[in-house]
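*Asks:* Sequence:
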Amino acid sequence: MDRQGSFRDGPQPAEFRRKLKLILAMACLAVFVLTARMWYLQVIKGDELRHRSENNAVRLRAIQPLRGLIMDRRGEVVVDNRASFDVLITPARDFPPHMLARKVQEIYETRSVEFSPDQPLPAVFKTHLPVRLEKNISLEKVALIETNSVDLPGVYIGVTPVRLYVGGEIIAPIVGYTGEVSKAELDCGKGDFLPGDITGKTGLEKILDPYIRGRRGNELIEVNAFGRVIKNLGRIDPVSGADVVLTIDAKLQRAAWEAFAGRAGAAVAMDPRDGSILAMVSSPSFDPNLFNSGIAHDEWVKLQNNPLKPLSNRAISGQYPPGSTYKMIVAAAALEEGIITPETKVVCNGTFELGGRAYRCWKKHGHGPVNLHRALVESCDVYFYTVGRMLGADKIAQYAARFGLGDLTGIELHHERRGLVPTRDWKLARMKEPWQQGETISISIGQGFNLTTPLQLVQAYSALANGGTRWRPRLIQRVISPDGTVLKEFLPEKTGEILLSQKTMAHLSQALWGVVNEPGGTGAAARRPGEDVCGKTGTSQVIGLPQSEKARRSMKIADFHKDHALFVCYAPMKNPEIAVAVIAENAGGGGAVAAPVARKILDAYFDGIKQRQAIKLTGKDVSAGT
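Going by our numbering, the first residue of the sequence shown is number 1, and it counts up by one from there.
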């Protein structure tokens with residue numbers, strides 16, 4: 001075998017050596033080129049590339065979620081979301097944020113637009129986090145920033161959702177408002193908050209915040225030396241918060257607000273069948289939309305120092321003497337304890353004498369002989385002075401407690417007050433003084449130490465209306481996730497029974513019907529033919545008045561010392577659907593002022609039912625022609 005034959009399956013030795021040399025030469029050339037390129041990049045272009053690497057940086061942007069909607073019982077949105085525009089700065093080398101802020105200000109000045117940063121710029125910036133310069137800016141400012149973007153490296157417009165309170169001040173005491181998470185909230189470490197996050201501050205916004213806040217999203221971006229986005233590296237979409245369905249009827253809420261016509265006070269409408277709150281108004285109120293852009297300091301101070309306290313919810317925290325609305329409870333106690341019968345009569349000549357002091361009836365010359373029915377219909381004070389003295393303070397307190405007075409109702413809102421049902425032991429412990437008989441006389445007509453909230457009064461009368469059950473007032477029906485899943489349902493809850501005989505409740509209901517519908521009834525202004533409204537007027541003194549009638553007439557009383565007007569009612573008499581409590585502060589008599597307010601609320605409720613029935617039958621909205 002010749003030598004060449006052993007290589008018949010591969011290249012000849014000479015050819016192989018040539019190809020190997022060529023490969024080695026090419027490899028050496030590649031190494032040389034690579035080395036040269038590395039030398040060029042590191043030595044010649046090193047400073048420039050280092051500069052670019054420092055300025056082409058990764059930034060993390062938080063994406064705020066949409067808070068859940070808040071709707072009324074019929075699906076009408078009362079709290080929505082809207083877009084808000086912010087001016088943000090992404091820190092960039094050679095472009096200090098303070099210099100950019102001054103540049104923004106100069107651009108605004110060319111159009112006479114005020115520069116209003118919502119927070120001081122920090123001394124040290126985190127390179128991965130943008131800094132907000134202005135919050136919730138106008139569309140004019142958005143246009144100025146966008147058209148001058150070349151001169152504003154690192155400055156951009158961010159879009160975030162903020163709350164839109166459709167009902168404004170009408171719904172504010174219930175829903176509250178939102179705001180940016182505070183430093184204290186950030187420091188406590190609860191809630192996984194970041195600076196700039198939005199959280200509920202008061203009302204249902206705060207109570208339901210874990211449900212309606214949603215989950216924050218994020219996007220990872222790369223920006224160049226001028227702060228401009230050059231690449232999106234990844235994104236986690238935000239998750240919208242859960243929606244809330246209230247028990248409130250938005251139309252009834254508006255009607256109740258309008259019925260007050262600017263007066264200070266509160267009104268609560270409740271379904272006595274299950275405790276659902278149909279309307280809850282506190283006047284004066286505030287516009288929660290003011291807090292979306294960060295309320296100005298002087299505006300906040302103005303709200304805080306307002307003597308009418310617009311930030312408080314009078315329906316749950318306002319404590320008032322119940323006045324003659326309390327007579328229903330005194331009457332219930334007297335009947336149940338056998339102190340009186342419905343036929344028991346008391347002669348009212350205008351005064352009740354005790355210990356050398358004359359306690360007046362509201363009717364100067366008295367009501368003459370009256371039984372329990374007429375005493376309630378005409379609201380005779382002397383009758384209840386007499387009955388209250390026979391009962392005693394502690395026995396009255398026992399029955400008041402059955403109706404839920406002097407205790408929290410358990411509604412879902414914060415800052416509810418207990419009111420006060422006084423007893424002998426309470427006074428001794430509180431004031432270190434024994435109880436006086438004259439104090440029993442005062443509390444018998446809902447004066448003296450007695451204090452109630454509008455919510456407590458409507459709950460008490462609802463219990464009488466429905467046959468004896470005390471329901472926990474509720475504002476929320478359910479919480480629903482974005483995919484329609486019911487996350488939480490707030491079902492009706494019984495909290496007690498008033499424990500009255502059917503006979504007693506029948507006597508009381510008939511008398512309350514007479515207050516509104518019989519001649520001489522003090523609540524005639526609430527009469528609504530066809531609905532059999534049952535109710536009780538009340539007038540509560542804010543300050544004590546002199547015994548002398550002449551002195552009372554000559555006395556000048558400041559507006560804020562005038563009597564409160566009260567009215568509590570339910571309708572219809574049989575199978576009641578709605579109960580209403582109204583307190584108009586410093587407004588005068590309950591029959592003259594509070595009863596007409598209640599009547600307007602009742603009108604809105606029953607007319608609304610008729611309208612919905614008409615729509616259901618005809619398929620047309622007939623409200624425009626009525």
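FYI, nobody ran anything at the bench for these hints, they're computed from the structure. Since this is a predicted model, take the numbers as computed values, not measurements. There may be inaccurate statements among the hints.
Claimed, not checked - Below, a list of computed lysine to aspartate or glutamate pairs in the EDC-like style, where the Cα atoms sit at most 16 Å apart:
1) K600 - E531
2) K251 - E76
3) K231 - D197
4) K503 - E493
5) K309 - D407
6) K183 - E169
7) K309 - E299
8) K201 - D407
9) K201 - D287
10) K503 - E337
11) K494 - D603
*Asks:* Does each hint hold? Answer for all of them.
*Replies:* So, going through the hints one by one against the coordinates:
1. As the CA atoms of K600 and E531 are separated by approximately 13 Å, the hinted pair is consistent with the 16 Å bound.
2. Note on K251 and E76: the hinted pairing holds, with a Cα-Cα distance of about 9 Å set against a maximum of 16 Å.
3. Under the criterion of a C-alpha separation no larger than 16 Å, the hint pairing K231 with D197 is inconsistent with the structure, at around 25 Å.
4. In summary, the hint linking K503 to E493 is not supported, as the alpha carbons are separated by about 26 Å, beyond the 16 Å threshold.
5. Taking the CA atoms of K309 and D407, the gap is about 23 Å. The hint is violated against a cut of 16 Å.
6. About 28 Å separates the Cα atoms of K183 and E169, which puts this hinted pair outside 16 Å; it is violated.
7. Annotation: proposed proximity of K309 to E299 holds, straight-line Cα distance about 14 Å (limit 16 Å).
8. In summary, the hint linking K201 to D407 is not supported, as the alpha carbons are separated by about 26 Å, beyond the 16 Å threshold.
9. Our distance criterion of 16 Å between C-alpha atoms is met by K201 and D287, whose separation comes to about 14 Å.
10. The straight-line distance between the Cα atoms of K503 and E337 is roughly 13 Å, inside the 16 Å bound, and the hint therefore holds.
11. A distance of roughly 28 Å separates the Cα atoms of K494 and D603; the hinted pair therefore is violated under the 16 Å criterion.
Checked against the numbered hints above, the structure violates hints 3, 4, 5, 6, 8, 11; every other hint is satisfied.
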